[in-house]
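Participant: With chain B's structure known, arrange chain R on it following the hints.
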Amino acid sequence: MTLDSLTAPVDWVRLWEDSYDDRSRIMLKDYEIDDWSERAEDYSESRRTNNYEFGELVYSTLALHEVVSPDSRVLEIGAGPGTFVIPFARKVDHMTAVEPAEGMRRMISQNAAEAGVKNYDIIPKIWQDVNIEDLRGRYDLTIASTVIWMFRDIMTQISRMEEVTRGHCCVVGGVSTGQTFETELWKKIMGNVPYPQYPEYPLIYNLLYMHGRVPHVRLINYTSARKLENMLRMYRVFYSIYTEVTPEVEEIIRDELHRDSGEGPYVRKYRSAVVWWNPAVRRKELNGIS
Amino acid sequence: MIIEIDWETAWAAGIDEMSRLSTTNYWNRRAEDYSDMVMASDCNHGRNILSLFEREGLLQKEWHILDIASGPGAITIPFAEQVCRATAVEPAEKMAEALLSYSQRRGITNIDIIPQTWQEMDEAAHAKNYDLVICCHALWQFPDILSQVRRMETVSRGYCCLAHGFEAPSETSKLMESLGIYEGEFDQFITIFNLLNDSGVYPNVDVIDYTLTRSIASAVSSVEKLVEKYRPLDSKDCEIIQEYVQDHAIEGMYKVSGRMGVLWWKVA
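Chain order of the listed sequences is B and R.
Using this note's numbering, you'd call the opening residue of the first sequence number 1 and step up by one each time.
Using this note's numbering, you'd call the opening residue of the second sequence number 1001 and step up by one each time.
The shape of chain B in the complex, shown without the other chains (with noise of 0.2 Å):
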């Protein structure tokens, strides 16, 4: 290997394109919209962990840091069961989802009820499909979490998220945490397959650097509980996306979950980065590239 191959700078849309179709080439099928209202259970009880632990670590880091303040009107896209939306409206003037599963939104408000939330609109469309031009600049804070990694024109939907905001964008990636749980699950049901890779971060911080952004990051640590029915139907859609889900497949899970866990609650420890930046704000020597 050569020094100039070596030092070259990296580029990261291209690695960003062939890990989404990487993903793709292993998919059965792609992901449906349905496919997420049947997850706005297992996925709300995650998100509901600890009174909304995750999203009110991300609320008080980007508040320490005056991105988000309580005059904030707050744009969350792939919102799911409210992952953002609960915990920020209790905080911020106004939360707006953005959340194409009927069964996520159902869930959406289920939560804001308990919750005395009402603070808050839903636009029910995929992020893609949503008109800016109606957006343009109406919002403070733009935030996306475990929702990236479906764009493969990921610098496009970040633009986008970018015209929206007067403000700041945020988009909250997981980390690794070394837990072996899932890639093991992986390989007694699809043998050699290689694992699919969801990768958000480190890979977006290198996206936004190499067009020019400044991005801050914090890491933050959190937990999520599902009970047994929700794990299975969580496995249930993912591993779907793969495979059939033969019974013989629902019972390596079910033997899997109950000797990691016995019969739960089934804990896990997360790691997320939250990335967040002033699109206004540029690396100098890259003015004018967006």
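In short, the hints are calculated from the structure, not lab data.
Beta carbons: idealized from backbone N, C-alpha and C, even for Gly.
From the structure, some residues in chain R lie toward chain B, with a derived Cβ separation under 8 Å:
# : residue
1 : A1010
2 : E1185
3 : N1204
4 : D1206
Taking lysine to aspartate or glutamate and the EDC-like style, the derived pairs with C-alpha atoms no more than 16 Å apart in a straight line are:
#  : chain 1 : residue 1 : chain 2 : residue 2
5  : B       : K188      : B       : E248
6  : B       : K284      : R       : E1185
7  : B       : K125      : B       : D35
8  : R       : K1225     : R       : E1239
9  : R       : K1094     : R       : E1032
10 : B       : K284      : R       : D1187
11 : B       : K187      : B       : E256
12 : B       : K227      : B       : E41
13 : B       : K284      : R       : D1209
14 : B       : K284      : R       : E1167
15 : R       : K1225     : R       : D1237
16 : R       : K1128     : R       : E1153
17 : B       : K91       : B       : E53
18 : B       : K187      : B       : E251
19 : B       : K284      : R       : E1171
Label pairs and their calculated CB-CB ranges:
#  : chain 1 : residue 1 : chain 2 : residue 2 : range
20 : R       : R1055     : B       : P70       : 14 to 22 Å
21 : B       : P70       : R       : Q1060     : 24 to 32 Å
22 : R       : P1232     : B       : K269      : 53 to 61 Å
23 : B       : T156      : R       : Q1060     : 40 to 48 Å
Facilitator: Leaving out everything else, chain R in the frame of chain B:
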């Protein structure tokens, strides 16, 4: 990571020349102009890093910090003003003298200096001695960067922090270009960032703005010595440097602004 990039090898290759040229002797020669800049700037970037730890609610009066390759004290001084003790690792005698003289003038008495390179320091003898171990703008001294980061973690009982250039002052880049000195496209900051993440150290990331102020004489001297790292200085170089610095100075002072990336994490 979805791709296999050997960041350690990339780092070693990318900083090889800078590491070879930036010897302790070089920094002894730079001590005067560098100290002038740190003092005239009132340790601007060090104060900004201190503010970061204050804002995070982490800074404690009881802290004992270790500043690796402290130079004249841009980091050591502002921290020493706020914490219990600051230890500077600085092998260049003239830099260490400047730090001592600067701290004495400010009436700061809680600084001690280890007159060695960081690589020479016995980490086992200092295991878990420090609440914050910081290395600012000196990482290019370490071709084996990950080993040195692991040693920093060994001596820390709290946090580690690496601060590094994120965006060079545009004035400096323009001047270097007109002198025909090309320092390459190797991006040190993003390489360190990826190297740390790849090795399981997931650092928090901040970017701080800084402004460095210095006298015209100090600015001229610093650029001349920088040129001499690469080749002998000639009269044409001196002319270009003098003219550029004079043209950009305001009321006798030469100011440049840049950004510094700050990577910091709690040691497990």
